[in-house]
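Engineer: For reference, the chains in residue letters:
Number of protein chains: 2
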Amino acid sequence: MSIVVVGSVAFDSIETPFGKADRTIGGAATYFSVAASFFSSVQLVGVVGSDFGSEEMRIFEGRPIDLTGLTRLEQGRTFYWSGAYGYDLNVANTLDTQLNVFAQFKPTLPESYRNASVVFLANIDPELQLEVLAQVDHPRIVALDTMNYWISSKRDALAEVMKKSDLILVNEGELRQFTGEANLVRGARRILDLGSKIVVVKRGEYGVLMISGEKIFAAPAFPLENVFDPTGAGDSFAGGFLGYLASCRDLDDRELRRATVYGSVVASFVVEAFGLGRILEISRDEIDSRFEEFKALTHFDSMRS
Amino acid sequence: MSIVVVGSVAFDSIETPFGKADRTIGGAATYFSVAASFFSSVQLVGVVGSDFGSEEMRIFEGRPIDLTGLTRLEQGRTFYWSGAYGYDLNVANTLDTQLNVFAQFKPTLPESYRNASVVFLANIDPELQLEVLAQVDHPRIVALDTMNYWISSKRDALAEVMKKSDLILVNEGELRQFTGEANLVRGARRILDLGSKIVVVKRGEYGVLMISGEKIFAAPAFPLENVFDPTGAGDSFAGGFLGYLASCRDLDDRELRRATVYGSVVASFVVEAFGLGRILEISRDEIDSRFEEFKALTHFDSMRS
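Keeping their order, the protein sequence lines are chains A and B.
When you line the first sequence up against the numbering used here, it's residues 21 to 325, in that order.
When you line the second sequence up against the numbering used here, it's residues 21 to 325, in that order.
FYI, nobody ran anything at the bench for these hints, they're computed from the structure.
If you're wondering where the values come from, they're calculated on a predicted model, not measured in any experiment.
It is possible that part of the hints are untrue.
Copies of one chain are not kept apart here, so a pair can be met inside one copy or by any two copies together.
Calculated pairs, DMTMM-like style, for lysine to aspartate or glutamate (alpha carbon to alpha carbon, straight line, at most 20 Å) [unchecked claim]: (1) 235 <-> 245; (2) 315 <-> 273; (3) 126 <-> 86; (4) 235 <-> 313; (5) 184 <-> 213; (6) 315 <-> 275; (7) 235 <-> 312; (8) 174 <-> 273; (9) 183 <-> 313; (10) 40 <-> 321; (11) 126 <-> 275; (12) 217 <-> 245.
Isolated chain A (complex conformation):
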């Protein structure tokens, strides 16, 4: 099963209380692809500029990531983001955003991508997300990410994408902004009312809530002694979650819970170093080992067991 992801490939300059990184490779589609590639093959759609050369492309090497849909525009520069975090690593303060080649991004899916079983619409203009959906044939799962900017500027288009999506990933602030509902469970149900099957509420260092129908699954973030850089955690969560799901025969509650844990595990590695530093060096075995540690972290014996 293959996953199509449409989103940014970027250079990030990041500062946290624990250090900084200058022009490290980032972008939602990048983090997602690397994370998902531990579980399934990925087909990436994005755009880079002339400053994204063969050296940068090496991060994708040796992984099942199809780059047919990654356009390189020689006359432009790659999307650039600069941000800083304080001790509250849940909040990024954007210092600079240079869209560069991303400003003209019009996602066109190669013919070979159109029958993907899973589509991840990373955080881009919801009108472009709708254009992507018009180019795929009946995927099994459509998953959507977004941000506060689109909620306020393109709410109607975003609601339209939500109606066509099976899974919606939002953070707490976005959920409250979109629904006007302070309570997360009620807010999530409002989003489900639009037509999707699953809402994952991302709570940063506190973990996630996955809400599907009447069922709720809560996964904490893996407690780490060293968190260096939260950049990419949300997209890596999505990559681990959808990568695992794409490899499953059934999409039942049992697999959705495992997918949530795999997403949390992959994200927990990402934050252990700046940028892609940690995720590029781990193996599937290390992921599976931390998956088992997650059980020790959260399970208890009920009184009936």
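Dock chain B against chain A, hints included.
Structural biologist: Chain B only, in chain A's frame:
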């Protein structure tokens, strides 16, 4: 097995975005006692004024709560706290504190309390907490709660109590304030280095982390569609946790995890209404039923199962 609790019995005036309550019965020792009484017998040490009459005393009726140590001072008024919460129910803004009879509180344990197996030192002056410990004979568990005020004003005395405690309950802000450590896991280990066996880090609507030695157990808060008033959630958590533990033969990791879940469950009922409104109407069966729901909320099948 009996539990001694030393702390405040109070009147609270509370305002949240969902309503308000005027002079409702509150206080750390009150919430703790009612919560713990579902599991074990409780011996309360506290002080009230003449305004705390037989009508108010009825909240303790029909529960295994020994009030021998509750002093009633006819010439004074009961401790009064007034606070307000915004939509972020994790943060209480204190509007007024009137210590009243609590200003002269010198806890004296009745003879019948001195061989209690569990002692809960609710949030009071750490020098008084030390005086309480001098009055008990080798309890099996000493548990400690505190607040930012004592961390800044009586740090040495507080560190002294920590050394003599087995279990320390702190919220995230208090942990960071006391240890100067942003990372919660590292902060908790610093506290364990002082000599206690277990640290429970309270994270409000995000749940708790229980850290003992190298082991970490994460419990989310039970996701509720209606949260009215977080007042008393921390003390009710402590009551459920220690109440359950006091009823256990073994104090191993298995029981500590169950205790954490029972604490979370009792606290989840408390926040569903103002003051003691909800906890006074629930039964042990309802607690046990939600305990089982907690399993559905957090458990997943590992790949090996």
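Engineer: Against this structure, judge whether each hint is valid.
Structural biologist: Outcome of the hint check:
Proximity of residue 235 and residue 245 under a CA criterion of 20 Å is satisfied inter-copy only: 13 Å between copies versus 31 Å inside one chain copy. For a Cα distance limit of 20 Å, the shortest separation of residue 315 from residue 273 qualifies both inside one copy, at 17 Å, and across copies, at 14 Å. Taking the shortest alpha-carbon separations for residue 126 and residue 86, only the intra-copy value of 18 Å comes in at or below 20 Å, while the best inter-copy value is 72 Å. For the identical chains of this complex, residue 235 and residue 313 are inter-copy neighbours only, at 10 Å across copies versus 24 Å inside a copy, given an alpha-carbon limit of 20 Å.
Taking the shortest alpha-carbon separations for residue 184 and residue 213, only the intra-copy value of 12 Å comes in at or below 20 Å, while the best inter-copy value is 53 Å. In this assembly of identical chains, residue 315 and residue 275 lie within 20 Å of each other by CA distance both inside one copy and across copies; the values are 15 Å within and 17 Å between. For the homomeric pair residue 235 and residue 312, the shortest alpha-carbon distance between copies (14 Å) is at most 20 Å, but the shortest distance inside one copy (23 Å) is not. In this assembly of identical chains, the alpha carbons of residue 174 and residue 273 never lie at most 20 Å apart, being 32 Å within a copy and 50 Å across copies at closest.
In this assembly of identical chains, residue 183 and residue 313 lie within 20 Å of each other by CA distance neither inside one copy nor across copies; the values are 36 Å within and 30 Å between. For the homomeric pair residue 40 and residue 321, neither the shortest alpha-carbon distance inside one copy (43 Å) nor that between copies (38 Å) is at most 20 Å. In this assembly of identical chains, the alpha carbons of residue 126 and residue 275 never lie at most 20 Å apart, being 34 Å within a copy and 57 Å across copies at closest. In this homomeric assembly, residue 217 and residue 245 come within 20 Å of each other (Cα to Cα) only across copies, at 19 Å, whereas the closest approach inside a single copy is 35 Å.
Against the hints set out earlier in the document, violations occur for numbers 8, 9, 10, 11.
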